[in-house]
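K.L.:
Listed below are the residues making up each chain.
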Amino acid sequence: MVGFGRYLRRLGMPVGPGRVLSFVRAVAALAPAGRDDVYWAGRATLISRHDLIEDYDVAFGAWFQAGRPVSIAIEPADRASTPAARREELPDRDDLEVRVGTTSARWRPLDDDDEPGEEEAAIGIVASDVAVVRNKSFDELTEDEQRTAAALIRRLRLRAPHRSSRRTRPAAKGQRFDLRQTLRRSLKTEGEPLKRAWRTQRTRQRPIVLILDVSGSMAPYSRALLLFAHAAMASGTRVEAFVFGTELSRVTPMLRQRDAEEALRRIGETVSDWEGGTRIGDSLRQLLDGWSQRTALRGAEVVVCSDGLERGDPEVLATQIERLHRLAHRVVWVNPLKGSPRYEPLARGIAAALPFIDEFMAGHNLHSLEELGDLLTR
Amino acid sequence: MGAVFESVDAVAEALRGASYLPDRGLATAIHLSLALDKPLLLEGEAGVGKTEVAKTLAALLDRNLIRLQCYEGIDASQALYEWNYSRQLLAVRALREEEASDALVHDVFGPEFLVERPLLAAIRAGDRAVLLVDELDRADDEFEAFLLEVLSEFAVTIPEVGRIAAERPPAVVITSNRTRELHDALKRRCLYHWIDHPTIEREVAIVRLRAPEATEQLAHQVAEAVARMRTMTLAKPPGVAETIDWAHALAFVGNGSLDVQTAEDTLGMVLKDHEDIELVRPVLPRVVAGDA
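Quick note, the sequences are listed as chains Z and D, same order. Numbered by our numbering, the letters in the first sequence go through residues 1 to 378 in order. Numbered by our numbering, the letters in the second sequence go through residues 1 to 292 in order.
I should point out that these hints are in silico values taken from the structure, not numbers from a laboratory. The reader is advised that the hints may include incorrect statements.
Said to hold, decoys possible - Label pairs and their in silico Cβ distance ranges:
id, chain 1, residue 1, chain 2, residue 2, range
1, Z, Pro17, D, Ala10, 26 to 32 Å
2, D, Asn177, Z, Leu21, 26 to 32 Å
3, Z, Gly290, D, Ile164, 38 to 44 Å
4, Z, Lys195, D, Glu116, 39 to 45 Å
5, Z, Gln201, D, Ala289, 33 to 39 Å
6, Z, Arg6, D, Ala165, 32 to 38 Å
7, Z, Arg163, D, Asp107, 38 to 44 Å
8, D, Gly73, Z, Glu315, 52 to 58 Å
9, Z, Gly18, D, Leu234, 37 to 43 Å
10, D, Arg87, Z, Pro17, 47 to 53 Å
11, Z, Gly290, D, Thr199, 32 to 38 Å
12, D, Thr199, Z, Gly16, 45 to 51 Å
To be verified - Where chain Z lies over chain D, by a calculated footprint (3+ residues, C-beta under 8 Å):
id, segment
13, 78-92
14, 184-191
15, 249-262
16, 283-289
Where a beta carbon is used, it is the ideal one built from N, C-alpha and C, also for glycine.
This is chain Z alone, in the form it adopts within the complex (with noise of 0.2 Å):
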């Protein structure tokens, strides 16, 4: 029985020490147990998501069928792509080094020596281009005009945003009338609630959850969006941002870097899959499954970027941006493509998530990321 449980954890479900406890005693207690009462006990104990109901049906099937499990036959559909084969995917990568710094040929990074000075006065002498440059795409922008607008994202400053919480706090001014407080005034003055004592809601930072996608047909952007989750790192210890081709990484350790080129330098060398394809589904299930206990995404402004031009199956994508949805406060999805006035949401994999986004938006220019920066912090 302890086998089942770490087979299904070798599966990729949770399942901690804690469930294959309970499901051993709950096995014990139903003794003598049939087949059924073992498949139901497992049932109550091991899992605790209808979405998971499925798979243990497989996996038990398996596993008190054979004896011992068949694993590549029931090896859930997703992980059949090996790291290798995905890794055909990708396009040439010999040159990675360099195009990992880069991010992609037209995006190149400021001087090493470009000082901050210096970048006030270049934004001072082009002050009439900073127009120009904030509503123009990101992708038809010239070299001149990327420094600018790199060096003006940087400048963005982000208020993390703020929800009210349960608990309240003593306050002099506030708008609930805090009774237990003025009755122990009270005893002071022999019972007389001469005092009255008030409270008011305690405010909590609510977390930032960046998703941006760094696949090949995002190359013009991704650069910029970067540069973004890095000023938005500044705004508050709650943020956390993921890069995603075929697959997920977390780089908010490396944003937290002050030096941005240090940052993206540094985001670089890590992922692996820079202008690769593009498996939105597959890259929110590594997160929700992966990270959703680690990282805050319960209540969060969750930001996804990404054209989505699925790759993989629309039918993943629908059941995680779904289960995205559940989780967080607000899902907004900044897709470039929007900024053309033409564009149309058509695609298999964006028409498949938008029942489920609570806010769509463009990013692909200076000014609407700035929106962007706006709408958060509401």
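Please build the complex by placing chain D on the supplied structure of chain Z, with the hints as guidance.
P.N.:
Same frame as chain Z, but now just chain D:
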């Protein structure tokens, strides 16, 4: 704990006796929940009888049902306890001629000034109660953390009174409509069961049990029609409760069998959404008769 029921079959048998028809999985989950003293977390579509489980269980075990209905913004003072401030104020004022001493403070925060809310009531009642935490997904997630704390200890500490602990934990049933995902920490502590819509045979049996005035034929037709409706993409697929209501209504209208006209007249008993009704009405003959 000495098992309340001997076996899974005994649970199923007892539930059937109380007019609730469980499937094997649900009976197992209930049995385990009672035997292992673990809360039972029930999820499923609306109207599959999640709340009913707790009610039936309470009736069956002859225990008090203590219900905590969750809603957005519920907090500890609504779920656990609150002081009866107006009584306290009156007491303080009545006593103010005397010395305002520590003893007085002690008196005013005595147990008799405590207003019991469902969780405290359940802790005090212990195994004489069934605690139903209904629609937990509606509450804020901080409340969930608080509930987890109470469920793991079955004890609360009230600063002025002291620790109140249950001698034997009450039976706990938690329901969720899955409008949002519950915390894993809470789920780990519970036994989980997903209640599906019943099979046609089981639904017929349920209708026969709950609406005995409906004929065998009517029960079959109603169950089948409802099952067909559930395969359509409706905003609010009918639950078992709706099936039973419909059977009641049709039997009341005096029909021994279901025909398209009566079905149309009474459609509001099963479908509670205007769009759904508009969707089903044109295909009603097919829904009722079942041929393609």
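K.L.:
State for each hint whether it applies.
P.N.:
Status of each hint after checking the structure:
1. Distance hint for Pro17 of chain Z and Ala10 of chain D: a CB-CB separation of about 31 Å, consistent with the stated range 26 to 32 Å.
2. Our hint of 26 to 32 Å for Asn177 of chain D and Leu21 of chain Z holds, since their Cβ atoms are close to 29 Å apart.
3. Taking the beta carbon of each, Gly290 of chain Z and Ile164 of chain D are about 40 Å apart, inside 38 to 44 Å as hinted.
4. Separated by about 29 Å at the C-beta atoms, Lys195 of chain Z and Glu116 of chain D break the suggested range of 39 to 45 Å.
5. Our hint of 33 to 39 Å for Gln201 of chain Z and Ala289 of chain D is violated, since their Cβ atoms are close to 58 Å apart.
6. About 36 Å separates the C-beta atoms of Arg6 of chain Z and Ala165 of chain D, a value consistent with the hinted range of 32 to 38 Å.
7. In this structure the supplied range 38 to 44 Å holds for Arg163 of chain Z paired with Asp107 of chain D, their Cβ-Cβ distance being about 40 Å.
8. Distance hint for Gly73 of chain D and Glu315 of chain Z: a CB-CB separation of about 36 Å, inconsistent with the stated range 52 to 58 Å.
9. In this structure the hint that Gly18 of chain Z and Leu234 of chain D lie 37 to 43 Å apart at CB holds, the actual value being about 39 Å.
10. Between Arg87 of chain D and Pro17 of chain Z the Cβ separation comes to about 49 Å, which falls inside the hinted range of 47 to 53 Å.
11. Here the CB-CB span from Gly290 of chain Z to Thr199 of chain D is close to 36 Å, well matched to the stated 32 to 38 Å.
12. Take Thr199 of chain D and Gly16 of chain Z: their Cβ atoms lie about 33 Å apart, and the range 45 to 51 Å is violated.
13. A stretch counts as covered by a chain when three or more of its residues have a beta carbon under 8 Å from one of that chain; for the segment 78-92 of chain D and chain Z the count is 5, and the coverage holds.
14. Evaluation of the coverage hint for the segment 184-191 of chain D: fulfilled, as 5 residues show C-beta separations to chain Z shorter than 8 Å, against a requirement of three.
15. Check on the segment 249-262 of chain D: 0 of its residues sit with their Cβ under 8 Å from a Cβ of chain Z, so the three-residue criterion for coverage is violated.
16. For the segment 283-289 of chain D, the assignment as covered by chain Z is violated, since 0 residues bring a beta-carbon within under 8 Å of that chain's beta-carbons and 3 are needed.
Checked against the numbered hints given earlier, the structure breaks hints 4, 5, 8, 12, 15 and 16 and satisfies all the rest.
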